[in-house]
Amino acid sequence: MDYFFVLLFSGLAVLFILGGIILSYLIAPHRPNRIKNTPYECGEIPLGSAWIQFNVGYYLFALLFLIFDVEAAFLYPWAVILRVVGFPGLLEVGIFLLVLILGLIYARKKGALEWV
Amino acid sequence: MIFLPELIVVVCAVAILLTDLWLDERRRVILAPMAAIGLVVAMASLIISVPQNGLTLGGRFSVDPVGWWFKVFFLLSGLITILISLDLLDGRVGVRMRGIGFRGEYYTVLLATILGMMVLVSARDLITLYVSLELATMPLFVLTAWRRDDAQSGEAGMKYVIFGAMASACMLYGLGLLYGLTGSTALTAIDRQLANMPAFWLATAMLVAGIGFKLTIVPFHFWAADVYQGAPAPVTAYLSVASKGAGLAFAFQILYRWMDGWIADAAVGVAVFAALTMTLGNTVAIVQHNIKRFMAFSAISQAGYLVMGFVGGLPEGIPAMLFYLLVYAVTNLAVFACIVWFSNQTGKEQIEDYRGLARTNPLIALTMMLGLFSLAGIPPLSGFVGKFFLFSVASKAGFHWLVAVAAVNSTISLYYYLRIVRQMYIEPADKDSTRLPITPTLAATLMVLSATQLLMGIIPSLYETISSQTLAWLAR
Amino acid sequence: MIQYLAEHGPGLIHWLILSNVLFAIGIYGLLSRRNAIGILMSVELMLNSAAMNAVVFNRFLTPRAVDGEILALFVIAVAAAEAVVALAIFVALFRNRSSIDVNRMDSLKG
Numbered sequence: 001m002d003y004f005f006v007l008l009f010s011g012l013a014v015l016f017i018l019g020g021i022i023l024s025y026l027i028a029p030h031r032p033n034r035i036k037n038t039p040y041e042c043g044e045i046p047l048g049s050a051w052i053q054f055n056v057g058y059y060l061f062a063l064l065f066l067i068f069d070v071e072a073a074f075l076y077p078w079a080v081i082l083r084v085v086g087f088p089g090l091l092e093v094g095i096f097l098l099v100l101i102l103g104l105i106y107a108r109k110k111g112a113l114e115w116v
Numbered sequence: 117m118i119f120l121p122e123l124i125v126v127v128c129a130v131a132i133l134l135t136d137l138w139l140d141e142r143r144r145v146i147l148a149p150m151a152a153i154g155l156v157v158a159m160a161s162l163i164i165s166v167p168q169n170g171l172t173l174g175g176r177f178s179v180d181p182v183g184w185w186f187k188v189f190f191l192l193s194g195l196i197t198i199l200i201s202l203d204l205l206d207g208r209v210g211v212r213m214r215g216i217g218f219r220g221e222y223y224t225v226l227l228a229t230i231l232g233m234m235v236l237v238s239a240r241d242l243i244t245l246y247v248s249l250e251l252a253t254m255p256l257f258v259l260t261a262w263r264r265d266d267a268q269s270g271e272a273g274m275k276y277v278i279f280g281a282m283a284s285a286c287m288l289y290g291l292g293l294l295y296g297l298t299g300s301t302a303l304t305a306i307d308r309q310l311a312n313m314p315a316f317w318l319a320t321a322m323l324v325a326g327i328g329f330k331l332t333i334v335p336f337h338f339w340a341a342d343v344y345q346g347a348p349a350p351v352t353a354y355l356s357v358a359s360k361g362a363g364l365a366f367a368f369q370i371l372y373r374w375m376d377g378w379i380a381d382a383a384v385g386v387a388v389f390a391a392l393t394m395t396l397g398n399t400v401a402i403v404q405h406n407i408k409r410f411m412a413f414s415a416i417s418q419a420g421y422l423v424m425g426f427v428g429g430l431p432e433g434i435p436a437m438l439f440y441l442l443v444y445a446v447t448n449l450a451v452f453a454c455i456v457w458f459s460n461q462t463g464k465e466q467i468e469d470y471r472g473l474a475r476t477n478p479l480i481a482l483t484m485m486l487g488l489f490s491l492a493g494i495p496p497l498s499g500f501v502g503k504f505f506l507f508s509v510a511s512k513a514g515f516h517w518l519v520a521v522a523a524v525n526s527t528i529s530l531y532y533y534l535r536i537v538r539q540m541y542i543e544p545a546d547k548d549s550t551r552l553p554i555t556p557t558l559a560a561t562l563m564v565l566s567a568t569q570l571l572m573g574i575i576p577s578l579y580e581t582i583s584s585q586t587l588a589w590l591a592r
Numbered sequence: 593m594i595q596y597l598a599e600h601g602p603g604l605i606h607w608l609i610l611s612n613v614l615f616a617i618g619i620y621g622l623l624s625r626r627n628a629i630g631i632l633m634s635v636e637l638m639l640n641s642a643a644m645n646a647v648v649f650n651r652f653l654t655p656r657a658v659d660g661e662i663l664a665l666f667v668i669a670v671a672a673a674e675a676v677v678a679l680a681i682f683v684a685l686f687r688n689r690s691s692i693d694v695n696r697m698d699s700l701k702g
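Protein chains in written order, with the numbering used here: chain H, 1 to 116; chain G, 117 to 592; chain Y, 593 to 702.
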């Protein structure tokens with residue numbers, strides 16, 4: 001019976017969303033115009049198209065972030081068994097972090113962290 | 117400390133990267149000697165301090181004679197690659213190439229792939245095996261796309277990274293299935309009962325695709341020509357030699373440690389792959405005009421010969437394969453040293469551009485001719501001896517048709533290697549062509565490589581050493 | 593039906609089918625996409641389906657060991673590294689060609 005409520009909840013969630021969409025489609029008047037079709041940007045009047053090219057700098061930051069973000073996943077299992085592995089484990093994680101920090105130093109020195 | 121050579125390589129790689137940060141552009145010429153010395157020290161420590169039987173890190177890392185010789189091969193090809201790429205990276209060239217530079221990163225990335233390959237042969241655990249294989253492969257994507265201002269290099273890198281990622285995903289799926297079938301990540305021989313399960317065959321098919329990709333086995337070779345053509349010439353040299361060695365090492369790891377014993381059952385399949393690979397490589401190479409593309413198909417056919425060492429799973433196949441791998445490294449890199457030099461000096465990469473080279477630079481044309489003849493397998497050059505051992509393995513396994521196919525292929529390959537020799541020796545040189553300069557380092561490298569490949573063909577002691585050491589271990 | 597589903601939780605075979613489907617979607621995307629980033633996403637899907645396989649095998653076959661889970665962790669890290677390398681190459685290529693449409697990558701010929 002563990003999964004019963006999950007199933008019930010999933011069913012209700014689907015029903016709720018589908019019901020809302022169908023209901024609004026059935027009873028709402030359907031009269032589009034230009035103002036209504038503009039993207040909603042918190043009340044501002046949108047400038048240009050949303051399909052613009054992003055500055056390549058964003059990608060560089062994303063690449064750097066991705067590496068450090070994922071490497072953090074290795075720290076989690078270590079943190080779970082911190083007391084079991086003790087000092088040798090701490091030392092090994094220290095080496096691991098040292099390598100990461102070397103990467104960070106490299107990125108900083110190359111100017112990859114500065115916005116151009 | 118049986119992982120001392122690996123440790124030296126990784127320390128050297130990090131040291132180069134950090135030194136590079138605090139050097140100005142003029143002083144960066146010391147980075148190449150740093151990398152070369154690091155590899156020499158690693159090689160020395162491998163020869164002096166690493167026993168041919170060792171186990172450490174809870175049995176996850178071990179050295180045996182086969183792995184030991186593979187490591188010699190990886191360090192050697194890495195060292196030669198550094199020696200032939202430093203002219204291009206330091207700018208001692210006749211024609212400026214766009215987008216070459218970043219020497220510190222180049223050597224670091226190169227050392228990283230060597231490290232990955234060295235750990236690959238020592239891995240006794242699925243996780244180590246997978247991570248080291250990726251470490252050996254991924255820097256190659258970067259190296260291929262190294263000329264970042266050059267659209268062709270970028271395109272080659274893109275193709276390589278897409279196909280490489282696809283191959284590694286397929287292979288990982290196969291490895292995961294085998295892990296599921298055995299419930300353990302240790303690379304110990306799997307129970308033969310598993311062989312009749314569909315999941316086992318699916319995993320095997322996935323692994324064959326992954327190995328075939330690394331080794332450029334037909335029909336998984338399609339990426340090679342474009343990637344070899346677009347990559348900078350020294351990187352092409354490295355790809356054609358070390359990357360193949362890594363594929364072979366991976367195949368050895370899987371076939372001899374994990375699926376021990378099935379390689380004998382799969383003899384027909386291996387033989388068919390070998391025959392297809394060498395035939396396709398040789399026939400397509402005939403019509404190529406770009407020299408790097410030409411060498412790509414030549415390398416595909418050489419992979420076909422190398423795979424013959426696995427036919428029938430005979431123990432004699434392993435030393436024959438290792439010996440041919442070493443011969444191939446020296447020979448192919450000697451030819452590539454000439455190609456790198458020529459494209460550095462003239463910026464040209466068509467076979468027709470080599471016309472009259474024997475008039476202007478007779479010595480270099482001679483070394484290139486020797487290398488090409490050795491690749492074709494003409495006695496008494498080392499390529500002949502290496503091929504002879506491989507062919508005799510196939511013959512001993514009972515695959516006489518494969519030997520016949522391989523012999524015919526050697527003849528075809530002689531024809532197309534002679535195309536280049538003809539351009540160099542028979543075609544007249546352009547009127548305005550003059551003697552092209554060569555740097556002392558590259559000249560010395562070329563001389564040593566040529567001498568080595570001649571000696572390897574004449575003096576049998578190298579093969580005897582490999583053979584006695586590996587056979588004693590395999591017979592255990 | 594709810595009763596049945598509640599009593600029969602997903603077993604090994606269901607998870608394997610799911611991972612197989614993911615892998616197949618990845619291959620389909622790989623073959624049908626023209627944008628290099630889309631291809632990269634498909635490959636990531638394939639890698640993740642393999643990682644899921646490892647976790648599932650670990651959970652159902654050797655629940656007391658963690659080998660499969662560690663493997664999955666390493667696969668995640670390797671996939672991230674692969675994505676970084678691929679994206680860096682694509683960005684460099686885009687600067688040259690102003691396009692990463694794989695159908696237009698045909699400058700390398702024999």
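Don't take every hint at face value.
[As the list claims (entries may be wrong)] Short derived list, chain Y residues pointing at chain G, Cβ under 8 Å:
| no. | residue |
| --- | --- |
| 1 | E599 |
| 2 | I605 |
| 3 | A672 |
| 4 | A678 |
| 5 | A684 |
[Unchecked claim] Label pairs and their in silico Cβ distance ranges:
| no. | chain 1 | residue 1 | chain 2 | residue 2 | range |
| --- | --- | --- | --- | --- | --- |
| 6 | G | G170 | Y | D693 | 47 to 57 Å |
| 7 | Y | E661 | H | V99 | 41 to 51 Å |
| 8 | H | R108 | Y | R687 | 43 to 53 Å |
| 9 | Y | E661 | H | D69 | 11 to 21 Å |
What the hints contain is simulated information worked out from the structure, not anything from laboratory work.
Given the structure is predicted, the values throughout are model-derived calculations rather than measurements.
We treat Cβ as the ideally placed atom computed from N, Cα and C, and that holds for glycine.
Now for the hints, and whether the structure bears them out:
Given the 8 Å rule on beta carbons, the hint for Y:E599 is violated: about 26 Å separates it from the nearest Cβ of chain G. Given the 8 Å rule on beta carbons, the hint for Y:I605 is violated: about 11 Å separates it from the nearest Cβ of chain G. Contact between Y:A672 and chain G, as hinted, is not supported at the beta carbon level, the nearest pair being about 11 Å apart and thus beyond 8 Å. Evaluation of the Y:A678 hint against chain G yields a held restraint, the C-beta minimum of about 5 Å falling below 8 Å.
Because the smallest distance between the Cβ of Y:A684 and any Cβ of chain G comes to about 4 Å, under 8 Å, the interface hint for this residue holds. For G:G170 paired with Y:D693, a C-beta distance near 51 Å keeps the hint of 47 to 57 Å intact. Checking the proposed 41 to 51 Å range against Y:E661 and H:V99 shows it is violated: the Cβ atoms sit about 23 Å from each other. The given range of 43 to 53 Å is broken by H:R108 and Y:R687, whose C-beta atoms sit roughly 23 Å from each other.
Here the CB-CB span from Y:E661 to H:D69 is close to 19 Å, well matched to the stated 11 to 21 Å.
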